[in-house]
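**Student:** Below, each chain spelled out in residue letters.
There are 2 protein chains.
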Amino acid sequence: MDKTKTGLRNAKKRKQKTALIIPAPQAPFDYKKELEAAARNMILVHDPDMLIKMTADTIVDKLRVKHVSVLLQEKDAYILSVSRGNGQIRFPVGMARVDKENPIIVFFKRFNDRILFKRRAVVYRQAKGLLKSGGVKDRLCAILEHVLYQMEVFDASACVPSYVRDNLLGVLLLGPKLNNEEFSDEEVEFFIALASHMAMAIRNAQLFKELELELDRKKQLFIRTTIALAAAIEAKDHYTHGHTTRVTNISKEIAMRLGEGAPCVNEKFIEDLEFASLLHDIGKIGIPEYILNKEGPLNDDERIMIRKHPAIGVGIIKSIKELEGALQGVRYHHERYDGLGYPEGLKGHGIPLIASIISVADSFDAMTTDRPYRRRLSKADALAEIRQLSGKQFDPRVTHAFFKLYQENRI
Amino acid sequence: MDKTKTGLRNAKKRKQKTALIIPAPQAPFDYKKELEAAARNMILVHDPDMLIKMTADTIVDKLRVKHVSVLLQEKDAYILSVSRGNGQIRFPVGMARVDKENPIIVFFKRFNDRILFKRRAVVYRQAKGLLKSGGVKDRLCAILEHVLYQMEVFDASACVPSYVRDNLLGVLLLGPKLNNEEFSDEEVEFFIALASHMAMAIRNAQLFKELELELDRKKQLFIRTTIALAAAIEAKDHYTHGHTTRVTNISKEIAMRLGEGAPCVNEKFIEDLEFASLLHDIGKIGIPEYILNKEGPLNDDERIMIRKHPAIGVGIIKSIKELEGALQGVRYHHERYDGLGYPEGLKGHGIPLIASIISVADSFDAMTTDRPYRRRLSKADALAEIRQLSGKQFDPRVTHAFFKLYQENRI
Chain A
3 MDKTKTGLRN AKKRKQKTAL IIPAPQAPFD YKKELEAAAR NMILVHDPDM LIKMTADTIV
63 DKLRVKHVSV LLQEKDAYIL SVSRGNGQIR FPVGMARVDK ENPIIVFFKR FNDRILFKRR
123 AVVYRQAKGL LKSGGVKDRL CAILEHVLYQ MEVFDASACV PSYVRDNLLG VLLLGPKLNN
183 EEFSDEEVEF FIALASHMAM AIRNAQLFKE LELELDRKKQ LFIRTTIALA AAIEAKDHYT
243 HGHTTRVTNI SKEIAMRLGE GAPCVNEKFI EDLEFASLLH DIGKIGIPEY ILNKEGPLND
303 DERIMIRKHP AIGVGIIKSI KELEGALQGV RYHHERYDGL GYPEGLKGHG IPLIASIISV
363 ADSFDAMTTD RPYRRRLSKA DALAEIRQLS GKQFDPRVTH AFFKLYQENR I
Chain B
3 MDKTKTGLRN AKKRKQKTAL IIPAPQAPFD YKKELEAAAR NMILVHDPDM LIKMTADTIV
63 DKLRVKHVSV LLQEKDAYIL SVSRGNGQIR FPVGMARVDK ENPIIVFFKR FNDRILFKRR
123 AVVYRQAKGL LKSGGVKDRL CAILEHVLYQ MEVFDASACV PSYVRDNLLG VLLLGPKLNN
183 EEFSDEEVEF FIALASHMAM AIRNAQLFKE LELELDRKKQ LFIRTTIALA AAIEAKDHYT
243 HGHTTRVTNI SKEIAMRLGE GAPCVNEKFI EDLEFASLLH DIGKIGIPEY ILNKEGPLND
303 DERIMIRKHP AIGVGIIKSI KELEGALQGV RYHHERYDGL GYPEGLKGHG IPLIASIISV
363 ADSFDAMTTD RPYRRRLSKA DALAEIRQLS GKQFDPRVTH AFFKLYQENR I
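Chains as they are written, first to last, in my numbering: chain A, 3 to 413; chain B, 3 to 413.
Any given hint might turn out to be false.
If several chains are the same, the list does not tell them apart, and a pair holds so long as it fits within one copy or across any two.
What the hints assert, rightly or not - With a straight-line cut-off of 35 angstroms between C-alpha atoms, the simulated DSBU-like cross-links for lysine-lysine are:
hint : residue 1 : residue 2
1    : Lys68     : Lys134
2    : Lys394    : Lys381
3    : Lys35     : Lys130
4    : Lys349    : Lys220
5    : Lys323    : Lys77
Hints in this document: simulated from the structure, not taken from any laboratory.
Note that this is a predicted model, so its numbers are computed, not measured.
Okay, chain A solo, but in the shape it has when bound (with noise of 0.2 angstroms):
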């Protein structure tokens, strides 16, 4: 995602910009000012592994912590998802995998209701004193002595739990400071504190993936039912099978091919031309069924009718605001560049370059399907009839992005 590193490049460049009128105490390390830049540098990234990367690069890079780890919540299970060190011990991503049986899920998931230990960190030299010393009572000894053992396991110094609201998103272990050093309170705060935004940030990023999801879910809903309904109505016109897929198809590589050099061919005209490809043909709804399905040649009257179906398609369509970026590709796809198509007669750039792209998908597709009146060609005789074609029927920007297409193997 580039917003993300944009997001963080920049982030980084305000930090460096910062100065204070007041002057900020010149400690070795600002607790406060760390997790607030933490804090503000997370909230504009949607990528959770990212978020988790940054925790933990913080705790490795500013408190020279040897390794930290992460068990991260994933359905049931909770899976190590990430491990940084400066020092020897690095778990390989992937290699672990605890399930919610683990001590230390159970224990932040079922005793953090305890006041000992209310949401909070464990620290493995505090919890081995409070234990010798008899501090700790009944079950919760049991456990925690558990809870210890898999730290030992991990080289976790400290576990810190990161909740959202009341789900135990996932677990960082802390290993040794690299000068064998006891974490201070403050240290063992800030960690805390960073786990929380980490955690909130995380289910932030969750919604908003859950958002583009359900994006992505309604866009194809609306590609293949304007697909499904196309191939009905080519179901009338008994040649014409798959077409509209075909053409859709072809037209988005020819734009895609093109817009390494044409600055127009950005990300909205790609999804205008893949929804006027789509509907391109629709208005041949309203072309009676004996026309469409005639085996021999039409007659004048018929040609007339079924001219008409780019204007049919433009009047089912032009009401829909959202297609006002596929209209031209409706209307115009019977355009020829050297001003002999229809409906209009539009003449070389005159045409839009959207309807120009469908019309040498269009034509390509039908030259290589059997039609009533002739068998198919062969891709290569399909290509050498567009050759023969481009500056005549077809714009030779888009049969010149098309060869490239052959040639490279993506038609």
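Following the hints, complete the assembly by docking chain B onto the known chain A.
**Tutor:** Chain B only, in chain A's frame:
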């Protein structure tokens, strides 16, 4: 937004629950904790107005400030969008609107690179002191005098800018403290950090809003295109213009009326119903035109043919995953409660509710529209007929809801 409210409530709950293994300093106001809590609460709030209110409330409540307003960027101007106060002055919301030439805006936009004020707050008495002492030079001096004059107008003791990257999103205008003391350095630091968090949270909220708008646009694209195509199919069936739209609206009304008592009617059900109603007659695309347009009564063969339209409709949409929930509505909208319908002769509650709803809406619209063989009925007469057919053709649960809608003038 319910999520937002629950988020806030839960965040508060969590805060109350938090107990420390390490005792927290018992300061009268813990800036660090307040800032952390504010940042955490903000991230899951996706309403910019709510975010500004949260920020203003925090300042007014925790720091005993007389009033807080926010100048928030909106296109080319900055709108005074919130004003909260403990004291006497409260600007009416919507009263003030300053353009981008206002000295406060100009100052934070163009002079934020000056060492003395880099992206920082302007504190009235401090700045006044600086001006008097000659500590500010050249152009900065002139603009700063204008800023201080504007602050007097707003009764502001401090102005705190709020940036997203290099964009000035807004300015917090803080009134004097209730006890008339000056702001401490720590308080000013707190304002700056809070404004920074607010800016990022608002940007995050804006990204959410953009995604949600885009989601709505894609859904509308699907709905409008389906309606347009259904209209094109209807155009062949001369008597059903606007039928699809009306059936969809009536179906949704019935479902929402039912929803007050029926647990199965949720948001997902209503969306499925909407899609099913939009597509219920889409199979007519596969019926020969001469049958759809026939003026006289249909013969047996023709009747058999037209009764295939639900199955043809299912054939068209069945491969579309997003329409799975709508399938049964398309398939069974001609079933009858007494088992005499088609295609399968399902009976009573064996007919999916989604289909029973479309059946009533479809029949009501057919009754109240002119048909080749009879003139349309009045609403009252159609209602009487539906009442008479309740328990025979129609599911009584559905007709019951339908009558209620009629009584409430919603049909």
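**Student:** If a hint holds in the structure, say so; if it does not, say that too.
**Tutor:** Hint check results:
Taking the shortest alpha-carbon separations for Lys68 and Lys134, only the intra-copy value of 27 angstroms comes in at or below 35 angstroms, while the best inter-copy value is 53 angstroms. In this assembly of identical chains, the alpha carbons of Lys394 and Lys381 lie at most 35 angstroms apart only when taken from the same copy (20 angstroms versus 60 angstroms across copies). In this homomeric assembly, Lys35 and Lys130 come within 35 angstroms of each other (Cα to Cα) both inside a single copy, at 32 angstroms, and across copies, at 28 angstroms. In this assembly of identical chains, the alpha carbons of Lys349 and Lys220 lie at most 35 angstroms apart only when taken from different copies (34 angstroms versus 37 angstroms within one copy).
Taking the shortest alpha-carbon separations for Lys323 and Lys77, only the inter-copy value of 23 angstroms comes in at or below 35 angstroms, while the best intra-copy value is 41 angstroms.
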